[in-house]
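Using the sequences and the accompanying hints, generate a full structural model.
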Amino acid sequence: MADSFFFRARRGLSPELEDARVHIQSIAEGHGLDFFETIFEVCDFDEINMLASYGGFPTRYPHWRWGMEYLQMQKGYEYGLHKIYEMVINTDPSYAYLLDNNMMVDQKLVMAHVFGHVDFFKNNLWFAPTNRKMLDQMANHAARVQKHINAQGHDTVEAWIDICLSIDNLIDPHAVHTPKDPAPRKQAFADPRLPASDYMDPYINPPATIAAEREKAAQAAQAKQGFPPKPERDVLGFLLQYAQMTPWQRDILEMVRDEALYFVPQGQTKIMNEGWASFWHTTMMTQDILTAAEVVDYADHHSGTVATQPGQLNPYKLGLELFRHIEERWNKGQHGRDWHNAQDPRERAAWDRGTMGGRAKIFEVRKTHNDITFIDEFLDASFVEEHGLFVWERDKKTGKFNVNTREFKAVKKQLLFELSNRGQPRLSVMNANHANRGELVLSHPYEGLDIQLDWAELTLGNLSKIWGRPVHLETHIDGKPTLLSHNGNEFSNTQREAV
Amino acid sequence: MPLNIDKDLYRFRHIVKGRIRKDLKRFMSSKDMIGKEGNQRVRIPLPQIQIPRLRYGENPSGVGQGEGEGEGEGQPGQGGGMAGDKPGEHALELEVSLDELAQIMGEELELPKIQPKGQKQISSDKDKYTGISRVGPESLRHTRRTFRQALKRQISSGTYRGKNPIIVPIKEDKRYRSWKPTTQPMSNAVILYMMDVSGSMGTEQKEIVRTQAFWLDLWLQHQYKTVETRFIIHDAAAKEVDRHTFFHTRESGGTLISAAYKLCLKIMDQDYPAQDWNIYPFHFSDGDNWSGADTSVCLDLLEQQILPRVNQFSYAQVESQFGSGQFLNDLEGKFDTDDRVALTQIPDREGIMNSIKELLGKGR
Chain A
88 MADSFFFRAR RGLSPELEDA RVHIQSIAEG HGLDFFETIF EVCDFDEINM
138 LASYGGFPTR YPHWRWGMEY LQMQKGYEYG LHKIYEMVIN TDPSYAYLLD
188 NNMMVDQKLV MAHVFGHVDF FKNNLWFAPT NRKMLDQMAN HAARVQKHIN
238 AQGHDTVEAW IDICLSIDNL IDPHAVHTPK DPAPRKQAFA DPRLPASDYM
288 DPYINPPATI AAEREKAAQA AQAKQGFPPK PERDVLGFLL QYAQMTPWQR
338 DILEMVRDEA LYFVPQGQTK IMNEGWASFW HTTMMTQDIL TAAEVVDYAD
388 HHSGTVATQP GQLNPYKLGL ELFRHIEERW NKGQHGRDWH NAQDPRERAA
438 WDRGTMGGRA KIFEVRKTHN DITFIDEFLD ASFVEEHGLF VWERDKKTGK
488 FNVNTREFKA VKKQLLFELS NRGQPRLSVM NANHANRGEL VLSHPYEGLD
538 IQLDWAELTL GNLSKIWGRP VHLETHIDGK PTLLSHNGNE FSNTQREAV
Chain B
103 MPLNIDKDLY RFRHIVKGRI RKDLKRFMSS KDMIGKEGNQ RVRIPLPQIQ
153 IPRLRYGENP SGVGQGEGEG EGEGQPGQGG GMAGDKPGEH ALELEVSLDE
203 LAQIMGEELE LPKIQPKGQK QISSDKDKYT GISRVGPESL RHTRRTFRQA
253 LKRQISSGTY RGKNPIIVPI KEDKRYRSWK PTTQPMSNAV ILYMMDVSGS
303 MGTEQKEIVR TQAFWLDLWL QHQYKTVETR FIIHDAAAKE VDRHTFFHTR
353 ESGGTLISAA YKLCLKIMDQ DYPAQDWNIY PFHFSDGDNW SGADTSVCLD
403 LLEQQILPRV NQFSYAQVES QFGSGQFLND LEGKFDTDDR VALTQIPDRE
453 GIMNSIKELL GKGR
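The listed protein sequences derive, respectively, from chains A and B. Per this note's numbering, residue 88 is the first one in the first sequence, and the count goes up by one each step. Per this note's numbering, residue 103 is the first one in the second sequence, and the count goes up by one each step.
The set of hints was computed from the structure by calculation and includes no laboratory data. There could be a bad hint or two in this list.
[As the list claims (entries may be wrong)] Simulated restraints, written as ranges between beta carbons of each label pair: (1) B/115 / A/265: 35 to 45 Å; (2) B/309 / A/223: 39 to 49 Å; (3) A/576 / B/112: 50 to 60 Å; (4) A/223 / B/115: 23 to 33 Å; (5) A/265 / B/205: 32 to 42 Å; (6) B/112 / A/307: 53 to 63 Å; (7) A/576 / B/309: 29 to 39 Å; (8) B/316 / A/249: 43 to 53 Å.
[Stated by the list, open to error] Chain B is nowhere near these chain A residues, computed Cβ spacing over 10 Å in every case: (9) 126; (10) 216; (11) 374; (12) 491.
[To be verified] If you want a taste of the chain A side facing chain B, the calculated C-beta under 7 Å gives, among others: (13) 151; (14) 252; (15) 399; (16) 465; (17) 478.
Just so it is clear, the structure is predicted and the values come from calculations on it, not from any experiment. For every residue, glycine included, the Cβ atom is placed at its ideal position computed from N, Cα and C.
Here is the structure:
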């Protein structure tokens with residue numbers, strides 16, 4: 088399927104574009120960027136809207152959601168609300184799409200930007216476990232779902248996909264980085280044997296009885312331990328392993344989990360990834376590529392990408408500025424113990440050891456960090472002040488948004504909180520045999536924000552459809568410990584004892 | 103070139119259409135919808151179909167960036183952690199033209215198409231300025247054509263000088279607009295709304311009438327090229343008012359329904375000869391008439407004068423806690439088998455849809 092699309096859409100780059108590609112690629116390589124082979128496709132806006140609704144992949148399984156997103160893109164494009172400039176997917180070789188009627192300077196900008204992204208995909212460690220042949224896998228998923236649809240009926244399969252998608256955020260973002268638990272060691276139990284001399288042993292400690300008693304002890308230990316033995320963050324993986332499902336249902340759930348895991352690093356590195364790509368397009372465009380005639384258009388379009396709506400945070404802008412900030416600091420040697428001990432702002436402002444280690448440092452950062460560690464390590468007070476970051480707060484009475492504080496610590500804390508677990512509640516399976524009735528208990532450690540109740544009701548209902556037994560969620564509502572339950576028919580919301 | 107996505111798009115549209123149909127019931131009694139009346143298109147705010155997930159409620163705070171001095175006009179900032187593949191919370195508005203809306207309603211209520219009265223097409227003569235002629239009154243002179251003609255003539259005769267381009271039209275150059283009488287088939291309709299505004303009709307009752315009138319308008323406008331509307335309010339006396347007054351007047355006092363019917367007759371006599379117009383009187387009341395004597399006057403008026411002229415006479419009784427609702431029974435007693443009379447009762451907002459079906463279901 089994938090082939091058929093590319094066969095149709097593939098238009099060789101025009102000689103002009105091909106020249107630009109070769110030129111920009113060599114410049115990028117000259118700067119030390121290291122990327123997969125990158126294939127540029129020229130698409131018209133309909134095709135690019137379609138690709139964007141599919142998340143960049145030409146073939147996805149049939150689902151109404153893509154149609155909805157396409158409709159929005161289309162409307163947005165028609166009304167001139169937005170226009171997709173660039174899209175690139177994390178595969179090897181990497182595919183990037185150019186909009187056919189863009190200006191030449193835009194195409195160059197996009198190419199430079201794309202090489203930044205592909206370098207990031209290839210080198211950032213968080214992307215390391217992703218499947219670089221995802222293009223094929225997505226197409227396989229499409230074929231598998233189509234097969235199930237043919238066998239089960241469209242409505243049945245679609246309804247099941249909706250159910251699975253409803254919990255596709257309940258994955259462990261680090262699952263791909265952590266090896267599976269090794270098989271649990273056999274635990275040693277107190278030996279039930281009584282002391283006896285050799286010849287009496289079979290009579291005093293009959294082997295059958297000893298074995299039975301060992302078995303009993305093991306069972307007792309396991310019962311005490313509970314199941315799963317420790318909280319399981321990978322709810323989807325847990326369900327996949329233990330829930331009762333028909334094979335086609337399991338297949339779809341597994342597929343939804345695979346795709347969700349594939350997109351995890353993009354969520355984890357949004358700021359860095361866009362920042363890195365923007366850093367390189369600005370660097371290359373202004374230093375190497377632009378002709379005098381293109382400067383004004385470039386400036387116009389670049390400013391559009393990094394423009395900050397009043398009061399909003401633009402990941403392109405934040406990432407770009409932070410990378411520049413890091414480069415400058417390491418160029419001036421503003422790091423290490425001496426720097427941290429220096430308290431005098433004047434001394435800090437004038438600090439320049441001329442170490443010029445900035446470039447090397449940002450390459451290192453792009454390799455080892457994700458958004459959380461990136462912000463945690465490099466967002467400092469001077470940056471927050473310089474770029475006017477603040478924490479906003481919604482006034483409950485007026486419904487207006489006000490600046491709450493510009494204090495560095497508060498800004499950083501808020502930002503890190505939003506980035507933690509990609510801004511979503513962190514849930515774990517605590518007990519799969521609640522009340523010895525096979526009921527599933529999830530727990531949500533309370534971090535100050537309530538879970539949205541109406542959606543929780545629907546989602547728990549979906550979970551109980553997958554699990555087949557009642558499902559409970561321990562959380563807090565309005566600061567009070569609450570147990571949300573769904574038994575497949577009804578939702579209930581009861582206060583519980585704080586643990 | 104068909105795109106792969108077309109199937110998904112079709113699927114989504116299909117689902118959404120189902121939603122509109124389900125939601126239509128709700129919209130039929132919703133106020134905001136009517137507020138948009140008069141526009142060519144109605145925006146139905148359609149909640150984007152979202153897949154529920156366990157997630158936080160609305161963020162009470164976030165990080166923004168800007169120059170904002172003290173009181174920055176912040177918007178909820180896009181959290182940096184937003185994954186690109188998760189849709190934000192937008193309300194998707196589906197635009198439906200009034201015509202499409204009428205169509206959806208027609209399908210939903212299984213309303214029959216209206217057969218214009220009398221089968222024979224009523225035609226009207228109208229002058230249309232479509233052609234050009236060489237003779238005509240100066241007031242209809244086509245200046246551009248005239249100028250072009252003069253220019254052509256001067257160039258071909260060699261009197262045109264580029265350096266001093268003066269064009270002087272002579273009599274033969276002049277061109278005039280000309281007209282042709284055209285006959286147009288006409289199926290015009292007039293809706294005559296009558297409403298009881300006596301003390302017993304409360305705000306809630308009026309709101310129901312308003313909503314119902316919107317949908318009636320919509321349907322008849324969908325069926326006819328031009329639809330005129332006239333409004334009559336009555337308590338013990340009747341008077342003609344504009345749309346706004348019709349829906350917002352609150353009077354008190356008794357009820358003489360015959361007064362309204364007389365006025366309605368007068369308007370039809372003056373402006374809407376029965377042979378040229380499809381006439382639809384709608385009468386809304388809580389069914390409380392002043393006296394039995396007046397009721398019999400009404401019934402006579404209807405039978406002898408109004409019914410012969412109209413396509414259909416509709417009476418909708420809005421339930422109120424004060425009204426006795428006797429008038430509906432009286433009408434039923436007399437016209438139960440008459441196809442020209444449609445009667446309905448609206449118990450509450452929920453009943454609007456049913457009553458529309460009853461009123462328009464005859465396809466007259």
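* To do: List, from low to high, the hint numbers that the structure doesn't satisfy.
  => The structure conflicts with hints 2, 3, 5, 8, 12, 16, although it agrees with all the remaining ones.
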